[in-house]
Structures are given as C-alpha cells and as structure tokens.
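Residue numbers (our numbering), protein chains in the order written: chain A, 1 to 299; chain B, 1 to 299.
You can take every hint at face value.
From the structure, some residues in chain B lie toward chain A, with a derived Cβ separation under 7 Å: (1) Ile25; (2) Val48; (3) Val119.
DSSO-like mimics (lysine-lysine), calculated; alpha carbons at most 27 Å apart, straight line: (4) Lys22/B - Lys112/A; (5) Lys282/B - Lys208/B; (6) Lys10/A - Lys127/B; (7) Lys141/A - Lys141/B; (8) Lys109/A - Lys22/B; (9) Lys112/B - Lys59/B; (10) Lys22/A - Lys109/B.
Treat the hints as calculated values from the structure; they're not laboratory data.
Even for Gly, the Cβ is constructed at its ideal location relative to N, Cα and C.
Number of protein chains: 2
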Amino acid sequence: MIPESLLIGKIRRFLPEDAGLKKGIGDDAAVLPLDKKHYLLLAVDTIVDGVDFRMAEAKPEHVGRKALAINLSDIAAMGGRPCYALVALGIPADLSYFWIRRFYAGIKKLAKEFNTAVVGGDLSRSKEFFASVTVAGEVEKNRVVLRDGAKAGDSILVTGSLGGSLAGKHLTFTPRVREAACLVKYFKISAMMDVSDGLMRDLDVLMKESGKGACVFTDSIPVSRACTLKKAFCDGEDFELLFTASPAEAKKILARKEGLLGTPVQRIGMVTAKPGIYFKEKETDTKVFKLSWKGYEHF
Amino acid sequence: MIPESLLIGKIRRFLPEDAGLKKGIGDDAAVLPLDKKHYLLLAVDTIVDGVDFRMAEAKPEHVGRKALAINLSDIAAMGGRPCYALVALGIPADLSYFWIRRFYAGIKKLAKEFNTAVVGGDLSRSKEFFASVTVAGEVEKNRVVLRDGAKAGDSILVTGSLGGSLAGKHLTFTPRVREAACLVKYFKISAMMDVSDGLMRDLDVLMKESGKGACVFTDSIPVSRACTLKKAFCDGEDFELLFTASPAEAKKILARKEGLLGTPVQRIGMVTAKPGIYFKEKETDTKVFKLSWKGYEHF
Numbered sequence: 001m002i003p004e005s006l007l008i009g010k011i012r013r014f015l016p017e018d019a020g021l022k023k024g025i026g027d028d029a030a031v032l033p034l035d036k037k038h039y040l041l042l043a044v045d046t047i048v049d050g051v052d053f054r055m056a057e058a059k060p061e062h063v064g065r066k067a068l069a070i071n072l073s074d075i076a077a078m079g080g081r082p083c084y085a086l087v088a089l090g091i092p093a094d095l096s097y098f099w100i101r102r103f104y105a106g107i108k109k110l111a112k113e114f115n116t117a118v119v120g121g122d123l124s125r126s127k128e129f130f131a132s133v134t135v136a137g138e139v140e141k142n143r144v145v146l147r148d149g150a151k152a153g154d155s156i157l158v159t160g161s162l163g164g165s166l167a168g169k170h171l172t173f174t175p176r177v178r179e180a181a182c183l184v185k186y187f188k189i190s191a192m193m194d195v196s197d198g199l200m201r202d203l204d205v206l207m208k209e210s211g212k213g214a215c216v217f218t219d220s221i222p223v224s225r226a227c228t229l230k231k232a233f234c235d236g237e238d239f240e241l242l243f244t245a246s247p248a249e250a251k252k253i254l255a256r257k258e259g260l261l262g263t264p265v266q267r268i269g270m271v272t273a274k275p276g277i278y279f280k281e282k283e284t285d286t287k288v289f290k291l292s293w294k295g296y297e298h299f
Numbered sequence: 001m002i003p004e005s006l007l008i009g010k011i012r013r014f015l016p017e018d019a020g021l022k023k024g025i026g027d028d029a030a031v032l033p034l035d036k037k038h039y040l041l042l043a044v045d046t047i048v049d050g051v052d053f054r055m056a057e058a059k060p061e062h063v064g065r066k067a068l069a070i071n072l073s074d075i076a077a078m079g080g081r082p083c084y085a086l087v088a089l090g091i092p093a094d095l096s097y098f099w100i101r102r103f104y105a106g107i108k109k110l111a112k113e114f115n116t117a118v119v120g121g122d123l124s125r126s127k128e129f130f131a132s133v134t135v136a137g138e139v140e141k142n143r144v145v146l147r148d149g150a151k152a153g154d155s156i157l158v159t160g161s162l163g164g165s166l167a168g169k170h171l172t173f174t175p176r177v178r179e180a181a182c183l184v185k186y187f188k189i190s191a192m193m194d195v196s197d198g199l200m201r202d203l204d205v206l207m208k209e210s211g212k213g214a215c216v217f218t219d220s221i222p223v224s225r226a227c228t229l230k231k232a233f234c235d236g237e238d239f240e241l242l243f244t245a246s247p248a249e250a251k252k253i254l255a256r257k258e259g260l261l262g263t264p265v266q267r268i269g270m271v272t273a274k275p276g277i278y279f280k281e282k283e284t285d286t287k288v289f290k291l292s293w294k295g296y297e298h299f
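Using the sequences and the hints, build the whole thing.
In structure tokens:
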C-alpha cells in the first residue's frame with residue numbers, strides 16, 4: 001500500500017494548480033481570493049471509527065468535538081478565523097439517534113465557542129461511522145501564513161506541550177485559533193502548520209515545503225507530563241502550532257510572560273539551509289546526531 | 001432506524017440558525033454573505049461504495065465524476081457557479097493506486113468542464129471506499145433561487161427526462177449548471193432544487209419548504225426511454241432541475257424552441273395553496289387521484 005504522503009504528492013502533481021489561487025493542495029487549508037483585504041480559507045478533514053477514534057470507547061460528544069476541532073486547527077494554522085462548517089456523516093444502520101444527537105452536541109458546543117456556524121451537511125448510510133467536516137474561514141491578506149516561508153536561521157517554535165494525544169488529548173484538545181490570531185496580529189511568522197502527525201513528521205513536512213532543513217534541540221522539547229521524549233516526537237494529534245520566525249521576532253514572542261493568551265511557547269530549534277532534520281541535546285552542543293524515530297501514520 | 005428526512009429535520013432544529021445567513025441547513029447548498037453583489041454557496045455530498053455505486057461494477061472515472069457532479073448539481077440548483085472543490089476520501093487498504101488515479105481522472109475532467117479548481121482534500125484509511133466532496137460556488141444576489149419561494153398557481157417544470165438513473169445515468173449525468181445559469185439569468189424562478197431522491201420525494205420536499213402543495217399531470221412527465229412512469233416518479237438520482245415559475249414566466253421558458261441550451265423543459269404540474277401532492281392524468285381532467293409511490297431512500 002502506498003503511504004499517504006506519497007499519494008498526496010502524486011495527486012497534487014496530477015491535478016493542475018489554478019493560477020488564481022494563493023495556495024491549493026499542500027497546506028493546512030486552501031487559500032483563495034475573497035475580497036481586497038481577505039483570503040477565503042477552505043479545509044476538510046475526516047475521522048473514521050477504528051482509525052481516528054473508537055466508537056466503543058469515546059464519548060459521542062468528544063467525537064463530534066474532534067471532527068470539528070481538527071478543522072478549526074487547520075484554519076488556525078493559516079492564521080485565520082473559522083466562519084462556517086459543513087458536516088458530512090456516514091452512519092451505520094444500527095447507530096442510535098441518541099448517539100448522533102450527542103455527537104452534534106459536541107459539535108455545537110465547540111462551534112459556539114469559536115463563532116462557527118454549522119450551515120449544512122450530508123447524511124449517508126455506511127458500514128462504519130465517519131465524519132467529514134469542511135470549514136470555511138477567512139484571513140487578512142497580510143496575516144496569512146503558509147508552510148513554505150521558513151528561512152535559514154529562523155527559530156522554530158511550538159505552542160503547548162507534545163505527546164499527550166494517546167492519553168485522550170486528541171479527543172478534547174482546544175484548537176489554537178485564538179493563539180494563532182494573536183501570533184499573526186502582533187508578530188511576523190514565516191511558516192506555520194499544526195502538529196497532527198507528530199512533531200517528527202510534521203517538522204519534516206514544514207521544512208520540505210520551505211526547501212530547508214532543521215536542527216532540533218532535544219532538551220527544549222516541551223514534553224507532556226507522564227510522557228517520553230520519543231512520544232513527544234512521534235505521537236500524532238497534538239494539534240499544537242509549529243511555526244518559524246526570525247530570531248528577533250522569536251525573542252519578542254518568547255519575552256511575553258503570559259505566552260500566547262496563557263499558552264506557553266517554546267523555541268525548539270533552528271531552520272538550516274541544508275535539508276534534513278538534525279538533532280542536538282542543547283543548542284550550545286557541538287555534537288549533532290540523527291534520530292530514526294518516525295511520526296504517526298494515520299493512513 | 002430513523003429515516004434520513006426525519007433525522008435532518010431533528011438536526012436542523014437542534015442547531016441554531018445564524019442570523020447573518022441567507023440560508024443554512026435545508027437547501028441544496030448553504031447561502032452565505034460574500035460581497036455586495038454575490039453570495040457564497042457551500043455544498044457537500046458523500047458517495048459510499050455499496051450504497052451510491054458498486055466498486056466492483058463502476059468504472060473509477062465514473063465514480064470520481066459522480067462524486068463531483070452531485071455537488072455541481074447542488075450549486076446549479078441554487079442558480080450558482082461552482083468555483084472550488086475539496087475531495088475527502090476514505091480508502092480501503094487493498095485499493096490500488098491505479099484505481100485512485102482513475103478516480104481522480106474522472107474528477108479532473110468534469111472539474112475542467114465546469115471551471116472548478118480542486119484546491120484541497122483529505123485522505124483517510126477506511127474499510128469501505130467513500131468520497132465526500134465539498135464545492136464552493138457563488139451566485140449573484142438577485143439570481144439566487146431557494147426551495148421556499150413557490151407560490152400557489154405557479155407552474156412546476158423539470159429539465160430533461162426522468163427515470164434513467166438505474167440504467168447508468170446516475171454515474172454519467174451532466175450537472176445542469178449551464179441550464180440553471182441560463183434560467184436565472186433570463187427568467188424569474190420562484191423555487192428550485194435538483195432531483196436526487198426521485199420526483200415523488202423531491203417535489204414533496206420542495207412544496208413543504210414552500211408551505212404549498214402540488215397537482216401533477218402524469219401525462220406530462222418526461223419519462224426516459226425504456227422506463228415506466230413509476231420509475232420516472234420514484235427512481236432517485238436523475239439530477240434534473242425541478243423548479244417553479246409564474247404561469248407567464250413558464251410560458252416564456254416553454255416558448256424557447258431550443259429549451260435551455262438544447263435541454264428540453266417540460267411543464268409537469270401546478271403549485272396549489274393546499275398542501276399535499278395530487279395527480280391528474282391531464283391538466284384538463286376533473287378527476288384527481290393520489291399515488292402511494294415513494295421516492296428513493298438512500299439512507
């Protein structure tokens with residue numbers, strides 16, 4: 001079976017880019033013309049029972065919450081505001097109305113928190129439950145952040161802590177919409193994405209899109225409580241913001257005692273002109289090493 | 001198991017309507033503010049293997065075509081132009097890259113024909129194949145057509161012919177985007193939707209949204225070749241336009257020799273103030289009867 005990243009690459013090459021777009025396939029959301037000052041953002045993400053959660057274990061409210069939250073996280077990663085959501089469901093014949101209602105209660109609560117209106121959807125019969133949510137958002141043209149803008153010498157930063165997803169965080173995380181809005185309003189961010197497949201994999205993606213490499217300081221990784229460094233690197237679904245900024249901008253961000261609206265920010269490495277991801281224990285170390293750990297493969 | 005229409009009704013009541021929207025849940029597409037002269041349209045529709053098509057029988061190009069076409073049809077039913085598409089797939093582990101590529105070839109060809117850019121998507125692992133496509137479009141504010149505008153005395157019209165879906169039309173139909181654009185540009189249409197669940201069911205939906213009823217002339221139904229009247233009423237997935245207009249407007253539309261860009265238009269009935277769907281063989285008949293035939297239930 002062909003891996004997801006390779007398949008996306010092939011599809012991306014197969015489908016022609018529209019010249020009028022700011023960004024199509026290959027970022028957290030598509031960036032499309034809207035008006036003089038704004039871009040329209042469109043993102044879609046699907047969760048499937050048995051792959052992204054387990055019906056037998058997860059609360060329906062949490063499943064609904066996650067289905068929307070992963071999309072809000074994509075909009076946040078562009079520096080944007082979510083506005084509208086469409087919810088397409090695949091519903092097994094034996095699923096109760098009670099479960100579906102609780103699922104929508106999870107969506108409704110999070111949608112309200114982030115001023116997102118659920119404006120439509122689709123119901124299909126299917127053997128396994130799935131939810132495919134589309135979110136439309138907007139972003140000021142001068143604040144949009146793509147994945148391809150990292151420059152050699154930029155600092156690499158991350159919000160929150162990494163590695164808690166398997167302990168349940170992946171079902172209850174709060175998308176970093178407000179933190180991202182604060183970032184793009186007050187600072188110049190060169191590249192950004194959300195951590196959905198693990199830092200190891202996603203940092204590699206971010207650097208490849210930017211045509212750069214990275215040196216990561218392992219002692220600086222904000223490891224979640226009761227979690228190992230390896231899990232912090234490899235577990236998927238942290239849904240934290242991973243971003244780059246010039247050293248001067250990074251210094252200003254890190255100088256904020258309150259972080260981003262209370263969420264801590266950590267500098268975890270540096271962008272290098274040379275491709276590939278390298279590691280040091282501390283920034284001041286001279287010893288550089290490689291890690292063969294892999295990120296999370298949903299697919 | 002709760003029927004789809006009932007479930008949609010319950011969800012619709014459960015989710016609060018946003019006051020800023022022209023139309024949310026309950027039409028072919030959501031109608032959202034865009035700019036002074038235009039609305040943004042958002043529609044999503046999912047097809048699932050074994051429900052909406054059969055992998056073992058359908059060409060992958062046709063499955064891709066259908067996944068996009070049903071959404072273009074939703075945009076058409078609002079009087080709009082499709083602009084962008086997002087493609088979310090659930091892919092079984094044993095599905096070949098060759099199949100997926102042919103699926104995208106079907107999408108690509110139809111997208112090109114209707115000037116729609118595929119700008120993003122998502123790939124998930126799943127047991128059964130599904131494709132959930134979202135289309136964003138736009139429509140001039142003075143041309144948008146909702147489902148709720150039918151007036152008593154209006155003529156009921158339909159494009160093309162009905163009942164061919166099971167003979168393969170559901171995989172290869174051409175969405176009526178151009179015909180709808182022509183309709184809303186030159187005529188005043190009071191209500192419109194696409195026929196996806198069979199004329200019997202969809203006419204009932206259209207009249208209920210408008211708070212009206214209908215009298216249908218069975219001799220006027222444009223029955224597809226090698227098809228029965230019952231099939232024309234009950235088979236789903238014709239993806240023709242079902243719409244209403246004042247008698248004077250309807251007369252002008254029907255007077256066009258070329259129909260709508262070559263597609264014939266037929267007057268099939270009249271909107272009544274009294275709810276419910278009634279039937280006559282011919283308009284001039286005095287004998288009115290009921291039909292207990294049901295539309296197609298996808299769910």
